[in-house]
Amino acid sequence: MLKPLGDRIVVKVIEDTEQTSGGIFIPDSAKEKPQKGEVVAVGLGKMNDKGEREPLDVEVGQTVLYAKYAGTDVKQGDVTYKILSIKDALAIVE
Numbered sequence: 001m002l003k004p005l006g007d008r009i010v011v012k013v014i015e016d017t018e019q020t021s022g023g024i025f026i027p028d029s030a031k032e033k034p035q036k037g038e039v040v041a042v043g044l045g046k047m048n049d050k051g052e053r054e055p056l057d058v059e060v061g062q063t064v065l066y067a068k069y070a071g072t073d074v075k076q077g078d079v080t081y082k083i084l085s086i087k088d089a090l091a092i093v094e
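Number 10 in my numbering belongs to position 10 of the sequence shown; there are no gaps in the numbering.
The hints are simulated quantities; they were obtained by calculation from the structure and are not laboratory data.
Ideal Cβ positions, reconstructed from N, Cα and C, are used throughout, including at glycine.
Incorrect hints may have been included.
[Claimed, not checked] Here are the in silico distance ranges between beta carbons for each label pair:
(1) Leu44 / Ile24: 44 to 52 Å
(2) Glu38 / Lys87: 17 to 25 Å
(3) Gly45 / Ile14: 18 to 26 Å
(4) Gly51 / Lys75: 34 to 42 Å
(5) Ile14 / Glu52: 31 to 39 Å
(6) Tyr69 / Lys3: 21 to 29 Å
(7) Asp49 / Gln76: 35 to 43 Å
(8) Asp73 / Asn48: 27 to 35 Å
(9) Leu90 / Leu2: 18 to 26 Å
(10) Gly45 / Glu94: 18 to 26 Å
(11) Gly77 / Lys46: 26 to 34 Å
[To be verified] With a straight-line Cα cutoff of 25 Å, these simulated DMTMM-like cross-link-like pairs (lysine to aspartate or glutamate) come out:
(12) Lys68 / Asp7
(13) Lys12 / Asp57
(14) Lys3 / Asp88
(15) Lys87 / Glu15
Make a model of the complete structure from these sequences and hints.
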C-alpha cells in the first residue's frame, strides 16, 4: 500500500459509468478525466514555522473532488490511485 508523505493524500479514483442513461456507450477517447476519488491514505501533514505538524482536513474513507489535472497517477493491479497534494483537493463529497 502507498503511504503519502507530508501534506499529500492517496485517493482511489472513482471512474464514471461507461454508459449513458439512454443506453449509449461512451468510448475512452470521449471521456473526461475523473475528478472524484475515495481517500485511502493521508500523510502526517506539513510542518509549520513552529515545528509542529498541521493536520489535514480530510480523513481516510471520505470522497473528495480534486483538480482536473492534479496529482500523479499510480496503478496497482486493476486499481488506479492518485497521489495529490492537499491543496489540489477541492471539496469533500457528503
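Evaluated hints:
Judged by the Cβ atoms, the range 44 to 52 Å given for Leu44 and Ile24 holds: they are separated by roughly 45 Å. One distance hint, 17 to 25 Å for the beta-carbon pair Glu38 and Lys87, holds here, with the actual separation near 19 Å. Separated by about 25 Å at the C-beta atoms, Gly45 and Ile14 satisfy the suggested range of 18 to 26 Å. Look at Gly51 against Lys75: about 36 Å separates their beta carbons, and that is inside 34 to 42 Å.
Distance hint for Ile14 and Glu52: a CB-CB separation of about 33 Å, consistent with the stated range 31 to 39 Å. One distance hint, 21 to 29 Å for the beta-carbon pair Tyr69 and Lys3, holds here, with the actual separation near 24 Å. For the pair Asp49 and Gln76, the beta carbons lie near 36 Å from each other, so the given range of 35 to 43 Å is met. A beta carbon spacing of about 30 Å between Asp73 and Asn48 agrees with the range 27 to 35 Å that was offered as a hint.
Our hint of 18 to 26 Å for Leu90 and Leu2 holds, since their Cβ atoms are close to 21 Å apart. Distance hint check: the CB atoms of Gly45 and Glu94 are about 22 Å apart, consistent with the given range 18 to 26 Å. Between Gly77 and Lys46 the C-beta distance comes to about 30 Å, which sits within the given range of 26 to 34 Å. Among the hinted pairs, Lys68 with Asp7 is consistent with the structure: their alpha-carbon atoms are about 19 Å apart, no more than 25 Å.
Among the hinted pairs, Lys12 with Asp57 is consistent with the structure: their alpha-carbon atoms are about 17 Å apart, no more than 25 Å. For the suggested pair Lys3 and Asp88, the alpha carbons sit about 18 Å apart, so the restraint of at most 25 Å is met. A threshold of 25 Å between alpha carbons decides the hint, and for Lys87 with Glu15 the separation of about 22 Å falls inside it, so the pair holds.
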